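K.L.:
Given chain Z's structure and the hints, the job is docking chain L onto it.
There are 2 protein chains.
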Amino acid sequence: MKTLWAERYAQRTQRIQSSAIRELLKLTEQPDVISFAGGLPAPDVFPVKEFQEACQRVLAEQGPQALQYSTTEGYRPLREMIARHTARYGIVVGPENILITSGSQQALDLIGKVFINPGDRVLVEKPTYLGALQAWNAYQAEYVTVPLDDDGMQTDKLEAALRVGPKFLYVLPNFHNPAGVTLSLERRKKLIELADHYGVPIIEDDPYGQLRYEGDHLPALVVLDNEFQRHNGAPYSGNVIYLSTFSKTLAPGLRLGWIIAHHDVISKLVQAKQGADLHTSTFTQMVAYEVARGGFLDKHVRFIRTVYRERRDAMLHALERYFPTEVRWTRPQGGLFLWVILPEHLDAAEVLKEAIQEKVAFVPGGPFHPDGSGRNTMRLNFSYMSPEKIEEGIKRLGRVLERVLSSRYQCAA
Amino acid sequence: MKTLWAERYAQRTQRIQSSAIRELLKLTEQPDVISFAGGLPAPDVFPVKEFQEACQRVLAEQGPQALQYSTTEGYRPLREMIARHTARYGIVVGPENILITSGSQQALDLIGKVFINPGDRVLVEKPTYLGALQAWNAYQAEYVTVPLDDDGMQTDKLEAALRVGPKFLYVLPNFHNPAGVTLSLERRKKLIELADHYGVPIIEDDPYGQLRYEGDHLPALVVLDNEFQRHNGAPYSGNVIYLSTFSKTLAPGLRLGWIIAHHDVISKLVQAKQGADLHTSTFTQMVAYEVARGGFLDKHVRFIRTVYRERRDAMLHALERYFPTEVRWTRPQGGLFLWVILPEHLDAAEVLKEAIQEKVAFVPGGPFHPDGSGRNTMRLNFSYMSPEKIEEGIKRLGRVLERVLSSRYQCAA
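Order-wise, the sequence lines are chains Z and L.
Heads up: take any position in the first sequence, counting from 1, add 219, and you land on the working numbering.
Heads up: take any position in the second sequence, counting from 1, add 219, and you land on the working numbering.
No wet-lab data here; the hints were simulated from the structure.
These numbers come from a predicted model, not from an experiment.
Accuracy of the hints is not assured; some may be wrong.
Identical chains share a label here; the pair holds if one copy fits it or two copies do between them.
[Said to hold, decoys possible] Below 30 Å or equal to it, Euclidean Cα-Cα: the simulated BS3-like pairs (lysine-lysine) are:
id : residue 1 : residue 2
1  : Lys221    : Lys572
2  : Lys408    : Lys221
3  : Lys268    : Lys608
4  : Lys614    : Lys578
5  : Lys572    : Lys518
Isolated chain Z (complex conformation):
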């Protein structure tokens, strides 16, 4: 007889659903659609030549090692390089504090696996990164939310959420995905103080921190916590788990991210990773190290910044020019995304259907809200399309919004 597979799935996967929006977005993969939907780096910034050279060097000099099994913790020279790089931003840790992951998404998954019991609360921003919700829904997390504004998480609303007793607090302080906003220094300090007071550890997700196009670098929460703790002069308090990735600075197709954490936490995460995928590809780790070392990564990040800054500016100018006055948006100082807030009565998922007719796409903001709110919001990516396409796409989207707004107002009248 045939197996009734649906009757055999675990309870946790009941919440893992195929999304209607994902199906819609498949329509946007046609070449004539201008898509602001993905979170994709511009393919024209990938350092293809450097990858070619690195592959040759790695295979010629260390071929058998690069193709063999390796340790779960990750390639040691790569971890040492990450430790050196982060030290420049005041995050002083050793390789024993670093675990290489198969992209930042795996970091989120492993954290869920190690920490979340079914029903545990996780404190997140509203909106928050969809991939974190996807990872933690599988561990049956519940959420308590703190809303964002232009200065990031509204820390005056944080204390009430902390008193719920969350397992941890998850925050994207720099150029937030999806909202594009940055947590102010004052609020960073407030957040550290309150989290310490309630004994709630912090997961700081920082995939875009290096992609700042204006303004001054703000210290990471992991740095501010160390300053706050002043614990016996040791450089790293271990209270903040810090995540980052090479996906936005080198290439996402490698799937290389990392976790910085207390050594005890790294040990537990290593055990979890052993069961999850044994280790991240030895070859991609060695190639990434070969490409990044010797100062190339810094140089390359400077180049990416100039490309993305131009695209952000193109989008902001186009928004001013083509979007209806009833619509608001954020002005990111870096990263890949900005956030659009439509009048409350509009549903961005409905707008997307209209937009696809006009060959332009975005991601509706609803799924970034664990409480089901935010239906009138949308995320726009500005890294993937050229400035010309951005201008044209925003023009089309403005037209769609004008039309939708006028028809809705008519209905309401």
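P.N.:
Chain L only, in chain Z's frame:
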């Protein structure tokens, strides 16, 4: 204050422990130790030159695509190639039945995530693959076991285990890890019949199937189930989930495996993988495809077979020559491992301590038994060391066993 991390771990990770044996085995990484402990392919069989050429071609012709995000299901030409390859063994499926995973270990993890509720029983062989237990312990599986003998799972003991109501049945029919044995054709048929009778789906793990050194290829369970079901002439029943990998035929450092399953199951696994690591490295998938295609993989597998057959023979000869008569072992027709059974009063973990003194290592068999039995067993790998080292290592190990056996007999007297 400092975070008390240990108080924050989830219940499921209480069972994820750092193993004493893992610590012991770290001692065996010194170059003068002859190690039969790992499951490592011989580095001298890696096709380094072909990888160099493939990297160049992929980056020169499709660089931006290879470095970009890609679909969770996996690189389509690779899935199509896998479908063509498996069709030759009678497994007739399309790319929609195939999910590329970050090594076979991730396949085991995703299956655990999608199917196992805390406390669910999983039917496994005794001994069984340690990586499967590691993956599923994290989902709080319980186990019901069926012992092996030289013809694989003892199917006359299978019915009682099936009546316990396991979520699924996990079996390694070819050149079992750790036991080295192969499930006979008669037992394969019996297993299919019984699993069908009790409605229990099968996970068939086949990482070594192509590495047969003698005897005839036996049909996979997935093929036999299709024959048994004869369901409307369709080629794939969907009752058996089949796992395999490029780790033993191309290179484990790539982390590339795959799952063949019913399309509904693939959809669910894709959703789970999205939250786990988004997708497997685009670059390694494209490079592996480039290396494998055009008949190279078949040619290369023939070469690997000749190398490993010689090593297996070297180990079997050395065992005959140097091991005490009280010790028994399996005679694998393929794969990477053989299995040693010591007299019942001996503890292989204790033997390992002595062996490390003599600069030779193996993995004690206890951890491969979910019920805590098997302390008098050990796994020997024959793929990694040269025939000369195998001879020398088995000689040393024979000496250790002679000594341990004689001292134990004295104690018992």
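K.L.:
Hint by hint, say whether it matches the structure.
P.N.:
Going down the list of hints, with the structure as the test:
In this homomeric assembly, Lys221 and Lys572 never come within 30 Å of each other (Cα to Cα): the closest approach is 38 Å inside a single copy and 50 Å across copies. Proximity of Lys408 and Lys221 under a CA criterion of 30 Å is satisfied inter-copy only: 17 Å between copies versus 59 Å inside one chain copy. Only within a single protomer do Lys268 and Lys608 lie at most 30 Å apart by alpha-carbon distance; the minimum there is 26 Å, versus 42 Å between protomers. Within a single copy, Lys614 and Lys578 get their C-alpha atoms as close as 11 Å, which meets the 30 Å cut-off; across copies the closest is 72 Å, which misses it.
For the homomeric pair Lys572 and Lys518, neither the shortest alpha-carbon distance inside one copy (41 Å) nor that between copies (51 Å) is at most 30 Å.
The structure fails to meet hints 1, 5 from the earlier list, while all remaining hints are met.
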